Each structure stands twice: as structure tokens, then as C-alpha cells.
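Undergrad: Sequence:
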Amino acid sequence: MRVELLYFDGCPSWREAESRLIVALGRACGTSTVERVCVTDEAHAAALEFPGSPTFRVDGADLFPTADAVGGLSCRLYRTPEGLSGAPTVAQLVEALAGR
Numbered sequence: 001m002r003v004e005l006l007y008f009d010g011c012p013s014w015r016e017a018e019s020r021l022i023v024a025l026g027r028a029c030g031t032s033t034v035e036r037v038c039v040t041d042e043a044h045a046a047a048l049e050f051p052g053s054p055t056f057r058v059d060g061a062d063l064f065p066t067a068d069a070v071g072g073l074s075c076r077l078y079r080t081p082e083g084l085s086g087a088p089t090v091a092q093l094v095e096a097l098a099g100r
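First residue of the sequence shown? That's 1 in UniProt numbering, and the numbers climb one at a time after it.
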């Protein structure tokens with residue numbers, strides 16, 4: 001299973017997202033290997049079909065697909081039980097990973 005975290009350096013949420021993803025991977029899969037993909041510019045974002053930062057992909061598929069993503073070097077928001085957040089909760093990540 002290939003797990004990627006796509007982000008851009010200016011995103012204030014990517015480090016917390018990575019921490020949550022590592023915890024979730026340990027719970028759901030018994031692993032914690034995450035490949036970071038730093039999106040460097042708009043052309044790179046377009047080539048990756050990057051919907052915003054942070055994005056979680058497993059074997060190339062977005063764990064939280066959405067039709068209304070802005071894309072490009074923008075911050076992505078996730079709906080959590082506590083409201084909108086820059087990253088999904090660990091529980092949401094575990095649930096999404098369990099479906100893979």
C-alpha cells in the first residue's frame with residue numbers, strides 16, 4: 001500500500017495532518033510509512049490533480065474525494081465532528097484507511 005501526503009510548504013495544516021495520518025496508519029494498518037509529496041507550484045499542482053493541501057492518497061486514490069475542491073496551491077478543509085478543520089481527525093483517517 002502506497003500512502004502519500006500531498007502538501008505545499010505554505011500550508012499551516014500539513015504537519016498536524018501528517019501526525020494524525022501516522023497515528024491512523026498504525027491503528028488501521030500496523031504501519032506508519034508516509035511518502036511526503038511537496039507540491040512546488042501551480043504547474044506541479046495541475047500535473048498531480050492536486051485538490052489542495054493537505055491531501056491524503058492511498059495507491060493514487062484520494063482518501064476524501066470531493067467534487068468541489070478548489071485545487072492548486074490552496075488550503076483544503078475537512079468536515080469533522082468539531083466543525084471545519086485543516087485536517088481530518090485520526091478517527092476519520094482510520095475509517096478511510098479501513099476501506100482500502
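Check before you lean on any hint, since a few could be wrong.
Stated by the list, open to error - Label pairs and their in silico Cβ distance ranges: (1) A91 x P12: 14 to 24 Å; (2) A91 x E42: 17 to 27 Å; (3) D41 x E95: 29 to 39 Å; (4) R36 x G71: 13 to 23 Å; (5) E95 x A67: 13 to 23 Å; (6) R100 x E49: 31 to 41 Å; (7) G99 x A67: 13 to 23 Å; (8) D41 x A91: 13 to 23 Å; (9) G72 x G30: 16 to 26 Å; (10) P81 x A47: 13 to 23 Å; (11) V34 x P65: 16 to 26 Å.
Read the hints as simulated data drawn from the structure, not as lab findings.
No experiment lies behind these values; they were computed from the predicted model shown.
Idealized CB from N, CA, C, for every residue including glycine.
Undergrad: Now look at each hint and say whether the structure bears it out.
TA: Now the hints, each set against the structure:
no.	hint	result
1	A91 x P12: 14 to 24 Å	22 Å, holds
2	A91 x E42: 17 to 27 Å	33 Å, violated
3	D41 x E95: 29 to 39 Å	33 Å, holds
4	R36 x G71: 13 to 23 Å	19 Å, holds
5	E95 x A67: 13 to 23 Å	20 Å, holds
6	R100 x E49: 31 to 41 Å	19 Å, violated
7	G99 x A67: 13 to 23 Å	19 Å, holds
8	D41 x A91: 13 to 23 Å	34 Å, violated
9	G72 x G30: 16 to 26 Å	35 Å, violated
10	P81 x A47: 13 to 23 Å	34 Å, violated
11	V34 x P65: 16 to 26 Å	19 Å, holds
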